[in-house]
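Trainee: Since each chain sits alone in its own frame, please combine them into the complex, following the hints.
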Amino acid sequence: MTAASNGAVVSNPAVPAAGALLDVDDVSCVLGGVRALSEVTMHIAPGELVGIIGPNGAGKTTLFNVVTGFVPATTGEVRWDGAPLRGGKAHRVARSGLVRTFQNVGGFTGLTVAENLELATRGRDPDAIDRVEALLHLADVRDKAVEDCSLATRKLVGIAMALVRTPKLLLLDEPLAGLDDTDRDRVTSLIGQVHDSGVTVCMVEHDIGRTLRLADRMVVLDAGRLVAVGTPAELARDDVLARNYLSS
Amino acid sequence: MSARRRRQGAGVLAVGVVLLALAFVVPENRVLLLNAFLAYGALVVGLDLLVGDLRMMPAGHAAFFGAGGYATVLLYQKAGLPLPVAGVLAVLIVGLLAALIGLPAVGRSSGFSFAIITFAFGELLIQLIANVPGFFGGSSGLTIDWGVGSDMPFDFSVYRYFTLWLVVVLVVVMGVVVLVRNSHLGLRMKAVRADENGTRGLGFNPTTYKGIAFVLASMLAGLVGVFWAPMNGFISPDTLGVNQSILLLGMLIIGGVGRITGALVGVALLVTLPALFDMDPVLRTVLVGGLLAIVALLQPSGIVGGLASLWTRLRRPRTPPPADGAVDATLEPAGAGR
Ligand SMILES: Nc1ncnc2c1ncn2[C@@H]1O[C@H](COP(=O)(O)OP(=O)(O)OP(=O)(O)O)[C@@H](O)[C@H]1O
Ligand SMILES: [Mg+2]
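So the protein lines, in turn, are chains R and E.
For the first sequence, position 244 matches number 259 in this note's numbering, and the numbering has no gaps at all.
For the second sequence, position 125 matches number 420 in this note's numbering, and the numbering has no gaps at all.
Everything labelled a hint here was simulated from the structure, so no lab data went into it.
Among the hints, erroneous ones may be present.
Where chain R lies over chain E, by a calculated footprint (3+ residues, C-beta under 8 Å) [what the hints assert, rightly or not]: (1) 478-490; (2) 498-507.
Okay, derived cross-link-like pairs now, EDC-like style, lysine to aspartate or glutamate, Cα gap no bigger than 20 Å in a straight line [to be verified]: (3) Lys183/R x Asp231/R; (4) Lys104/R x Glu491/E; (5) Lys159/R x Asp490/E; (6) Lys104/R x Asp490/E; (7) Lys183/R x Asp142/R; (8) Lys159/R x Glu148/R; (9) Lys183/R x Asp211/R.
Think of the CB as a built atom: it goes at the ideal place given N, C-alpha and C, for glycine as much as any other residue.
One chain only, chain E, in its complex shape (with noise of 0.2 Å):
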């Protein structure tokens, strides 16, 4: 199990070291671009910690993204406090609002009922910003001014300068969850998805492991927007409805469910891809749904999953699976051929 992990936290630093370099190397009109595939990156690879890891279906992942962005300008902007302050606090903040939506939530044996209550989440979300268009906003955004932009490292757009952050955002998410899989919590994690009655009967309550992944999930979100919305110099609802939540659920199970590489293919392939063949919106919807429809179809285990089962049935091609015990199948001459 450790040499598990410390395989998978070398790809997470190899992946965090190309996307530096890149960041120093991506022309200046691609950089929005690559700012987009790292937080859609953290937002998906995240969210594949309830989807993959205990089967667990929000409709409201973006709502805890919108949170952390709202939360990180408000409280510089309205609370005048410091942009790092403001950032850690606002993800406390968002991980206060998931448990509080995930204690009624996660307790469901339903998973329909955990769809309902995260899509209400983000629809209220919604509603409150744009009915109290004072303090929030409303539906037209609010616009942030944070004074800086002229003094930058390395002499970097401000937007570059966030790239830099972004890929920390991006590594600390894929780290997270390597971590959490290759613990005793990913475990149990993997135990509550496999039967949820079973992990009662060995001494576990499995909403507790529901309740924890989906505050650690929506805090990830949250993290993801701190950073997004300076960035972007504008936050708006639009960021968190409840079509943004599903986007990030196609991407993932197209890409691939369960495995980090997955996720990042979905967020290539319905981000990164259509803007740089400047796809038309239509047709992208129409590539989504598609891509949705034959991953369903054909292969539930998205595209990178069926690439993975296809690499292992090619790399051995003739070897009958082994049979239980493997004692009869160590004595055997290896290739001896049944």
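Only chain R is shown next, with the shape it has when bound in the complex (with noise of 0.2 Å):
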């Protein structure tokens, strides 16, 4: 554990562990004026679940869209997988195994829930869509319009489509944003179980208790900065980080 400038817990945040499948290295991003991104430095590494969390505006949907090529860092590199991602067009990126959903919901619209699973495949692995349904419950609902689907069934059809394509790194924004108790519960134990399953996953949630729970690590942002790296438990034990970021 490190003091970052501000006086938080930060447990290394510069040292990349050796081998991480993702680095972001000092990582700046100015959209439209907005600095969304201001010199933020993480690394995650295989097998990890790694939770961001910060509130809003706090720039963690902006770091995924760096890392996936969405949008270039102003400044910094990013590596995914050893090498840099540099200018990276966003469907190259993609087809890497660097997957992930929207916060918005999932699925397209106009396609039935199993259209939208085979376009996720490219139509190549229907085995991966029938562990995928069953896995996600999802046999039930596969040729319904995913618009006549209900919310809950629409994230699950989201993070089905990134699972059907066996991601290295599974990056979930919002998950369980929409969702009452009991789909929250459903959702997070699914993550959980891919996550066993052997998927390094990075998840970005203002469930900040569910999310506490299921990872192994925290990321805390907030105004584009880094404001804190630690395992649950290292950021509970720090009463102003706690005060300010973990109770919801």
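Mentor: Okay, structure coming up:
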């Protein structure tokens, strides 16, 4: 554990874990005059489940956009699987096993659940579709248009579309938003299962309680800056952090 | 999905058979009208690949029809190629032109620049034809003398002979559209329409699919021109201007975007009916404008779209929409009524 510039808890943010899957090095990102990310450094090691929290506008989604090639970093470097991801085109990044979901609801409207999954596998992996449909209990709704599905189901479709592509690193942007407690528990345990099956996961969430229970490591962002990195227990031990960011 | 493809394929063939029969029985003074229906039908059905499947609004679709016609005539008359060879080459040339125009046009995320660039292409073509009269025939057009006419099969007139070909063209265009819509390519196109960024996240480039659709739809329009120009015996820049392109969009939107029947109903309403009833051209313009306004205000899915949703509502009058997950719904006895 080390102290960041603002005095918060940070465990070795600048030292890349040996063989990290994703390295974010001193990344800043300016969008329309807004400094959405300021000198953010973080790493994700294979097999981890990392939770990212922070208030609205903290830059969480922007961080996902930068590492997946949707938005270029203004300064700094992102390395994915050891190789620099410089001006990477989003569709190329997506094909390399770095798979994300979007903050809004999952699935393309106008397509059925099954068609969405077929699209996600690029039509090449029907076995993966069967497997994921079983895992997420989507078989009953497979022939339904996604826009006719409940919010919870659409969220699951979004996650399923990521899973059928057998990601190396799965980035989930607010997978629990908009769900009731029952569905939150269900999706949370599914994420746990996916992680247990060997997928490295990084999730952005406002549901801090469930994220703390799930994550191996937490990253706290605020106003584009990295405030803290550490295990849930480490963060909870710091009174200021706990008061400002961990109570929902 | 393959059941749907079979059903729609059978529909295409059925329409083809009916039109073929019509080619034999339609009175001689109505043959040109039937040809116009077939040609406009093929143009509008092909245009729907862009409008219906991708929400792309080209303001220059007629230009590719014209380019196909001009290329055929020039290759036949000036280069001395046999008509079938000229036609095949013409479709390829149109594809190349579309790729050149499409490259800068489809990559823009704004539909506005796409409309502007395609509009500019049409106007450029007209200027080119008007300013190089020695080669392109100028603004008064080119007359085609293709030296056939007396020994047609079934003792058909030249116009009626081309009816057969135009039926084939329409069937081919409908067939391509059905194939695309029921393929993985069609799935990707639907996804691009719904959310471009989402498709990037899945690992494919939306620009690629918009480009493929643009080139394909333009080549289909060129194919219509390949048969229309020799049928008509004459081609002029009037047929490829922006007013023609807008008329094509109007027919599609009024009939109903996204389905072949919509495109054909739009053509029947705006081309066939006014001619059958000898409608005054001014009245026809009013009809087009009025129908467009009504559709835009009341029924954005067009006449056929409106009828289709009415039909689904009438067919299932009292069944509530099934609950999500459908588990609860299936446990209830049918018609239990909530
Ligand atoms: N395209 C853009 N143009 C200008 N500013 C932007 C753009 N995208 C994001 N921002 C700004 O960047 C900051 C970070 O936004 P971001 O969406 O990353 O936050 P977030 O942490 O995901 O918030 P939330 O929890 O609400 O999803 C915000 O101030 C936002 O207004
Ligand atoms: Mg966000």
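Trainee: Which of the listed hints are not met by the structure?
Mentor: Violated hints: none at all, because every hint is consistent with the structure.
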